[in-house]
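Chains as they are written, first to last, in the working numbering: chain A, 433 to 591; chain B, 37 to 135.
The set of hints was computed from the structure by calculation and includes no laboratory data.
Any given hint could be a false lead.
Said to hold, decoys possible - In silico negatives: residues of chain A with every beta carbon more than 10 angstroms from chain B:
#1 N464
#2 N496
#3 V498
#4 V515
#5 R529
#6 M541
#7 T562
#8 D564
#9 A576
#10 M577
#11 M580
#12 A586
As the list claims (entries may be wrong) - Once the Cα atoms are required to be at most 25 angstroms apart in a straight line, the calculated BS3-like pairs of lysine-lysine come out as:
#13 K440(A) / K101(B)
#14 K488(A) / K560(A)
#15 K130(B) / K112(B)
#16 K441(A) / K132(B)
#17 K440(A) / K130(B)
Stated by the list, open to error - Which bits of chain A does chain B cover? Going by a derived footprint, with three or more residues having C-beta under 8 angstroms, they are:
#18 466-477
#19 542-556
Cβ atoms here follow ideal geometry from the backbone N, Cα and C, with glycine treated the same way.
One letter stands for each residue in the lines below.
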Amino acid sequence: MTDSGTEKKRSLSVICSKGSFDMAYPGLILANAARMAGVDARLFFTFWGLDIVNEKKIDHLHLNLVGNPSAPLPAMIAGLPGVEALATAQMRKEMERLEIPPIREFIEMLDDAGADMYGCQMALDMFKLTKDDLVPQVKDVLTAMDFMDMSEGAQIIFI
Amino acid sequence: MSLETVHTDPEGYLANRDDWSEELAQELATSMGVSLTEEHWKVLNTARAIDAESGSSPGLRKISKRSETPIKAIYKLFPEGPAKAIAKIAGIPKPKSCL
């Protein structure tokens with residue numbers, strides 16, 4: 433009735449490539465679920481996904497309403513100044529009500545849970561950033577190949 | 037009820053929560069390689085209390101906050117999949133929460 437412990441340990445690699453508020457959460461939630469279930473988890477933040485762990489941006493991610501067919505208002509209105517900020521504030525409030533932690537706290541929680549987090553070297557170069565621009569929970573900066581090597585045998589999710 | 041006689045679902049959660057006892061919890065924990073200390077019990081009792089009050093098996097974040105046990109400490113207490121281990125040892129269903 434208990435885990436036999438003989439099968440190969442599951443492991444999950446999540447690639448976060450988007451930096452909008454709504455697209456930051458899925459990867460974090462999946463990695464956290466993996467850790468809670470005893471599955472090893474690591475995250476690779478690349479391109480806009482770097483914003484999720486960028487010290488200057490982590491607390492200011494925005495919902496993406498324009499060009500999003502699921503947006504609850506017409507694109508013309510969604511594009512007006514301040515509308516996305518307002519919608520983001522609304523969503524933040526709703527998430528607080530559901531006790532979903534803000535991104536920064538979520539990253540801390542993942543670190544405490546033993547998930548490993550990495551920044552993408554090429555994306556950092558492209559945005560003229562260094563590891564020092566990222567939150568301290570990011571363990572290292574890697575190339576895509578490094579991350580592939582690390583992900584051998586893992587299930588990979590691209591977001 | 038002992039580990040040999042108790043019914044569990046295919047995933048290893050207690051089929052009948054009335055079968056739970058502290059002795060059974062000890063046995064379940066031992067079978068998972070966990071030896072229960074006072075800190076473990078604080079976490080387990082919190083999980084049981086939340087489940088009893090809300091009728092919903094809690095996720096780790098809720099257990100952590102309510103028991104005032106940091107997430108990091110919970111992972112030290114139950115290293116292999118704490119959310120599942122806590123629910124199994126506490127004799128409550130698989131957590132319904134993603135956090």
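Quick rundown of the hints versus the structure:
With a cut of 10 angstroms on Cβ distances, N464(A) falls inside the contact zone with chain B, its closest approach being about 7 angstroms. Residue placement check: N496(A) keeps its beta carbon more than 10 angstroms from all beta carbons of chain B (closest about 22 angstroms). For V498(A), the requirement that its beta carbon stay farther than 10 angstroms from each beta carbon of chain B is met, with the minimum near 28 angstroms. Every Cβ of chain B is farther than 10 angstroms from the Cβ of V515(A); the closest lies at roughly 29 angstroms, confirming the non-interface assignment.
With a least beta-carbon separation of about 13 angstroms from chain B, R529(A) lies farther than 10 angstroms from that chain, consistent with its non-interface assignment. For M541(A), the requirement that its beta carbon stay farther than 10 angstroms from each beta carbon of chain B is not met, with the minimum near 6 angstroms. Against chain B, the non-interface label of T562(A) holds: every CB pair exceeds 10 angstroms, the least being about 27 angstroms. Its beta-carbon lying about 24 angstroms from the closest one in chain B, D564(A) satisfies the requirement of being farther than 10 angstroms from that chain.
Distance to chain B confirms A576(A) as a non-interface residue, since its nearest Cβ pair spans about 28 angstroms, more than 10 angstroms. Annotated as non-interface, M577(A) keeps its C-beta farther than 10 angstroms from every C-beta of chain B; the closest such distance is 30 angstroms. Listed as outside the interface, M580(A) is consistent with that label: its C-beta sits roughly 26 angstroms from the nearest C-beta of chain B, beyond the 10 angstroms cut-off. Remark: the non-interface label on A586(A) is consistent with the geometry, its nearest Cβ contact in chain B lying 16 angstroms away (cut-off 10 angstroms).
Restraint check: the Cα-Cα separation between K440(A) and K101(B) comes to about 33 angstroms, which exceeds 25 angstroms; the hinted pair is violated. Our distance criterion of 25 angstroms between C-alpha atoms is met by K488(A) and K560(A), whose separation comes to about 14 angstroms. Under the criterion of a C-alpha separation no larger than 25 angstroms, the hint pairing K130(B) with K112(B) is consistent with the structure, at around 20 angstroms. Restraint check for K441(A) and K132(B): the C-alpha separation of about 23 angstroms stays at or below 25 angstroms, so the hint holds.
Only pairs whose Cα atoms come within 25 angstroms are accepted, and K440(A) paired with K130(B) is accepted, the gap being roughly 23 angstroms. Counting residues of the stretch 466-477 of chain A whose C-beta lies closer than 8 angstroms to any C-beta of chain B gives 5; at least three are required, and the coverage claim holds. Counting residues of the stretch 542-556 of chain A whose CB lies closer than 8 angstroms to any CB of chain B gives 3, which reaches the minimum of 3, so the coverage claim holds.
In this structure, the earlier hints numbered 1, 6, 13 are contradicted, and the remaining ones agree with it.
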